[in-house]
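Read off the chains here:
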Amino acid sequence: MKPAAFAYARPLDWSEALQLVASGARPAAGTQSLGPLLNLRLAQPDMLADLRHLPDYAGVTVTGDAIRIGAGTTHAAIEDGAVPGRTGAIMAGVARRIAYRPVRNRGTIGGSLAHADPAADWVAVMPALGATAIALGPRGERRIALDGFVTGIFETALASDELLRAVEVPVLPDAVGWGHWKFCRKIGEFSKVTACVLAVPGAAPRAVLAALDGPPRVIADASALMADTEAEATRIVSGFPELDDWRRAVAQTALMQAVAAASQP
Amino acid sequence: MSRIAVSLTVNGEAARVEVEPREHLADLLRGTLLLTGTHIGCEHGVCGACTVEIDGVPARSCITHAGSCDGATVRTIEGFDDDEVMAALREAFSQEHALQCGYCTPGMLVTARDIVLRLPDADEARVREELAGNLCRCTGYRGIVRAVLHVLAARR
Numbered sequence: 001m002k003p004a005a006f007a008y009a010r011p012l013d014w015s016e017a018l019q020l021v022a023s024g025a026r027p028a029a030g031t032q033s034l035g036p037l038l039n040l041r042l043a044q045p046d047m048l049a050d051l052r053h054l055p056d057y058a059g060v061t062v063t064g065d066a067i068r069i070g071a072g073t074t075h076a077a078i079e080d081g082a083v084p085g086r087t088g089a090i091m092a093g094v095a096r097r098i099a100y101r102p103v104r105n106r107g108t109i110g111g112s113l114a115h116a117d118p119a120a121d122w123v124a125v126m127p128a129l130g131a132t133a134i135a136l137g138p139r140g141e142r143r144i145a146l147d148g149f150v151t152g153i154f155e156t157a158l159a160s161d162e163l164l165r166a167v168e169v170p171v172l173p174d175a176v177g178w179g180h181w182k183f184c185r186k187i188g189e190f191s192k193v194t195a196c197v198l199a200v201p202g203a204a205p206r207a208v209l210a211a212l213d214g215p216p217r218v219i220a221d222a223s224a225l226m227a228d229t230e231a232e233a234t235r236i237v238s239g240f241p242e243l244d245d246w247r248r249a250v251a252q253t254a255l256m257q258a259v260a261a262a263s264q265p
Numbered sequence: 001m002s003r004i005a006v007s008l009t010v011n012g013e014a015a016r017v018e019v020e021p022r023e024h025l026a027d028l029l030r031g032t033l034l035l036t037g038t039h040i041g042c043e044h045g046v047c048g049a050c051t052v053e054i055d056g057v058p059a060r061s062c063i064t065h066a067g068s069c070d071g072a073t074v075r076t077i078e079g080f081d082d083d084e085v086m087a088a089l090r091e092a093f094s095q096e097h098a099l100q101c102g103y104c105t106p107g108m109l110v111t112a113r114d115i116v117l118r119l120p121d122a123d124e125a126r127v128r129e130e131l132a133g134n135l136c137r138c139t140g141y142r143g144i145v146r147a148v149l150h151v152l153a154a155r156r
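So the sequence lines, in the order shown, correspond to chains V and X.
Numbers 1 to 265, taken from the working numbering, label the letters of the first sequence in order.
Numbers 1 to 156, taken from the working numbering, label the letters of the second sequence in order.
One thing to keep in mind: the hints can contain errors.
Unchecked claim - Stretch-level coverage of chain X by chain V, calculated; a stretch enters the list once three of its residues show a Cβ under 8 Å from a Cβ in chain V:
#1 64 to 70
#2 130 to 141
#3 145 to 155
Since the hints were derived computationally from the structure, they do not count as laboratory data.
All residues carry an ideal CB built from backbone N, CA and C; glycine is no exception.
So that you can see chain V by itself, here it is in the shape it has in the complex (with noise of 0.2 Å):
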């Protein structure tokens, strides 16, 4: 189907950007998630503003222990090693199963945060790795912690007047383990049930269930988990009363199954 009508703008720096969204257009990246609503006619935004020639608008960046990844950065980008080291690795395993290779060559990290579709990765990924949102709006930048960013299905912290610029990652030890389980019954579908689990050696382990038609459920501190893994994750899904028998049993298998990924040396 074709989209219904709707005027482009093609901001060239940042304070024109804002100044588009604060006026009701709809903030455009690539366009992955975003393309397919607007031909299905669920979008019919009046206007569209492509942030893509915005300048830093991809692009990864280490300072100290802090990694800023632009919001434009392409999955394929970080599938290929864009961001270093140990927290680098964890997100090229997530971004090689984004959807498929010519998805992820233009969709891109902030545009799946911000367009926040529950059963998307990055918006389960991000606050297991206790990822921070860098917001911009009219008055300057903004942090916004990822756990609590995606407040609703397709909905943020972002205020109507705000861009996402970019979003910030610690840089991890090579020594964390790490378990992402998704359940897609086909290579890049969306998932049914997602579940992550982050264990910094010294800190309480986290763990995030998501792809639940709601925002993603985060578990600040999953040490019960960890220890007794089937009763408490019997325990967490039977706090989701008003999902399926099925969809409940897979979100209990995905948390087993991330816990265990996260337990190997």
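Using the hints, position chain X against chain V.
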């Protein structure tokens, strides 16, 4: 509806066109530039039939707006006549019965060429993983996978 000016290079030739903001690249290629080798299937990024090369990498032309391609270099299936890898893939697709109706083939070939160049060590499992974004309803994929593996092996 306002139209926007777009300058891009398609198969080595400069094109200056005016597009509607909602027009996607596949419609520009097929409708305006008459490059009908690019096929439109699902029109929401799942089937892969519309896959073309944009700035050197494969991308979905059905969820890429023509307006966002200002300054881009696009290569469609018609633009690979002199490409050595594509020639090998065409031959292998023919040998291995990797197509029947041919609807998926232009997108399949663009993806296959990317696999051959980007993942020279790919095994069958990896080839199948990488081909998952291109749907074929005729062949059952066996011939396509064999064709890609054949070209990979010949280049080692």
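Checked hints:
1. 64 to 70: Since 5 is at least three, the answer is holds.
2. 130 to 141: Holds: 4 residues of the region 130 to 141 of chain X have a Cβ under 8 Å from chain V.
3. 145 to 155: violated (count 0)
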